[in-house]
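A.B. asks: The listed protein sequences correspond, in order, to chains U and D. Sequential numbering from 1 applies to the first sequence in the working numbering. Sequential numbering from 1 applies to the second sequence in the working numbering.
Hints listed in this document are in silico derivations from the structure and should not be mistaken for laboratory results. Fair warning: there could be bad hints in the mix.
Here are the simulated DSS-like pairs of lysine-lysine, each with C-alpha atoms no more than 25 Å apart in a straight line [what the hints assert, rightly or not]:
(1) D:Lys367 x U:Lys237
(2) D:Lys367 x D:Lys336
(3) U:Lys237 x D:Lys125
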Amino acid sequence: MTVDDPTVTRPATAPAGDPPSSSDAAPPPGAHRGLQFLSRYGVIVAFALIIVIFSIARPETFPTTENLQAILANAAAAMIIATGLTVLLVIGDFDLSFGSMISLAGGAAVILMANHGVAWPVALLVGILLGVAGGAVNGLLTAYFGGSSFIITLAMGTVLTGVEFAITDQKTIFEGVDPSFASIAQNEFLGLSNMFWIAAAIAAILWLFLDKTEAGRYMYAIGGNPEAARLAGIRTKFLRLVAFVIVAVTAAIVGLLLSSNSGSYSPSFGASFLLPAFAAAFLGSAMLRPGQFNIPGTVIGVLFLGVIQTGLTMLNLQTFVINLVQGAILIAAVLLSRLGERTT
Amino acid sequence: MTGGEQVLQVRGVSKRYPGVLALDGVDLDLRAGEVLGLLGKNGAGKSTLIKILAGAVQPNEGEIRLDGEPVSIGSPQQATDLGIAVVHQELADVPNLSVAENIELGLGYPRRLGVFVDQRGLRRKTLAILERLGVKASPATLVEDLSVAERRMVMIARGLAANARILVLDEPTASLSDEEIDHLHDTVASLAADGVAIVYVTHRLAEVFKITDRITVMLGGRTVFDSPTSAVSSRELIDQITGGLGEAGITEERQAPVVDPGAEEILRVEALSRDGYVENASLSLRSGEILGIAGLVGAGRTELVRLVFGADRATSGRVFMRGREIRLRSPRDGMKAGIALLPEDRRNQGNVQAFSIRQNITLPGLKRFRGVGPLPMPSTSQERAAARDLVERLQIKIASEEDSVSTLSGGNQQKVVLAKWLDSGSDVFIFDEPTHGIDVGGKEEVYRRMRELAASGKGVIFISSEFSELIGICNRIVVMREGRLVAELDGEGVDEGALVEACYAH
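Construct the complete structure from the given sequences, taking the supplied hints into account.
C.D. replies: Shown next as structure tokens:
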């Protein structure tokens, strides 16, 4: 799929026992190869299968151009934050504060325009800078001061929400958003919303970054073996900080785009993105390069989740059924990739 | 004290690992109430024998008899049931549990109402054992708050709590102070007086003569010597440990490079220390020189070179490259100053196992493979060409440079680590146990690379636990013991006997 595939199908934690000689490393026969295929492409096969099922069940509404446009537009925000999160997961860290960052960046921009008459480009810039600052704080506290990313980012999420409420007074804002700002996300290009194109551009940039640049290679190395990476002269702390900043900036972009799209702000609107972003990234790690987080996988993961959501809604299922089915599909997908990993 | 009954007999036990015969028909006898000193160089097979007694490893051949009855020790639990307790050098305790909880761990805590741990009963039960061992710490203290000496005592207490009749102590005095050592020796003597049979593994000859009743020496996976302690001299013991090479030496194999006395000093280390690991180490390395660092495992050799490379921070001391002082805050600093470190643990520190061979080889010098002008984007084709070239030069046996490095054997992984640094332009190459676990042919190649590097004017530091290879290729050898550089040998002074003495003397 990529020319330069920085990963292998073997689990990173190869047993320390006797390694097979390189001549044993030839492609495994029959059953083995089947499992390997399943672990790489199982999720994609399931994805295709589900599209076929939905198309048969709802032939007049599901396989339509309008539905495709809607799915892509809806998936855009999740795609931006999920691809940003993928960078951090590659390096072996994670972030629980980006939901709050989404709300804070969007809230700050809307407040600045609506209540303080600030020009929209400035509001936009402030939103992005909040992302840079928040990510840098996360990175400093974890990479440089050794805090556990679990508790630090959990606490930072609370802090960011506190700041958000302080500046927005926890009030929903419907008016005063500059129409030019609103048009950023609302306009369309080639029949698809700008949000989708922005998401596609960010995914492409992050894919190039992770797969084609030195920094990306270093990040994969740190995720694979932090000590070996450090002994190879890689600036592991700095790159961890960069990864935290990337997540937070993508979160800020999502916050700004969602505010632009709706022309409004409501408190804590970003919280709902936490789980889908992780789910998409983990689904992505269960395909193409099993066991490795990767941008193409995450993009497919986001679309997979979007299709399931839309399709199940179209089937007029009750919410609890949708929840059950979504959860079951996620678990099945991840187990599928583990299956492949164990046999390679 | 040697008149006790035979409790343990090991007969013809062998253990084969892929490519290595760790034990080759070893014999061992142990009587009740005796302290048996088990000696041997690194790699002589002591650890494997201990692991077999602990039930952690199964022998391929041979017989173990307990009280004359053949037994099989299939698991650590079975070893405990049979009355064998092993205190490993690496403490296997649970730091966040109390002393009492550690002692009775896995033996079944006393309970209340069938569910809750009866803490008071538990402490009372362990108090007696602690008193017997002369440990002053309260049973309620958390183990993480104890000193290393006390923690070792807790592990011994655990053996006693399980009614062990055979106690194996692996280097119990490592990193203990003199008083702590005395206390431990007293404890060992009193346990033996109570009839416990003790296997005491150590590298320190002084304590062998002080506390053991009998001595067994292992070499190359076999028992080569067995004698009452009173009947053997220190000189004789060193000969047995080294296999009689102490006197003769093997200088005829020496192929050390000849260094021009006027050659430039590349690296100078002045009074480098890291609290608890390295103390006041100074050395100097000249262009074209191969400097060996000898010493036993845990003597601080790896710790010293990690300081020189910047992998750990020194608490004091200075490092100079070509006369200029360098600041070492990270491996990156060491690398920039022209130092390359090839770590001992190649699986965990040398290579990224999830990466391909090519990606590992190009990792430290990735910047040299930029494809599009100055853009920081590596060109796969350039990387591949460089990787192929190095694979060929180092004769790494692989199908493709795109294979995962995790598919390679230890020796080939070591060569990948070397390939990473060979073209880095570094001036000083530090090899930490580069031949550990690799076959003879592989070793010869590593030696050849070191000689080539030295011949091209680089400085090479070579850490090894095999005295013969140090003698074979180093101009000069320094010896580390307990964190200090204690001896320096060169020219005529280099022979195995001198090295052994410097490493073991106390």
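A.B. asks: Next step is simple, just say for each hint if it's right about the structure.
C.D. replies: Evaluated hints:
no.: 1; hint: D:Lys367 x U:Lys237; result: 19 Å, holds
no.: 2; hint: D:Lys367 x D:Lys336; result: 13 Å, holds
no.: 3; hint: U:Lys237 x D:Lys125; result: 49 Å, violated
Figure legend: structure checked against the earlier numbered hints; the only hint not met is number 3.
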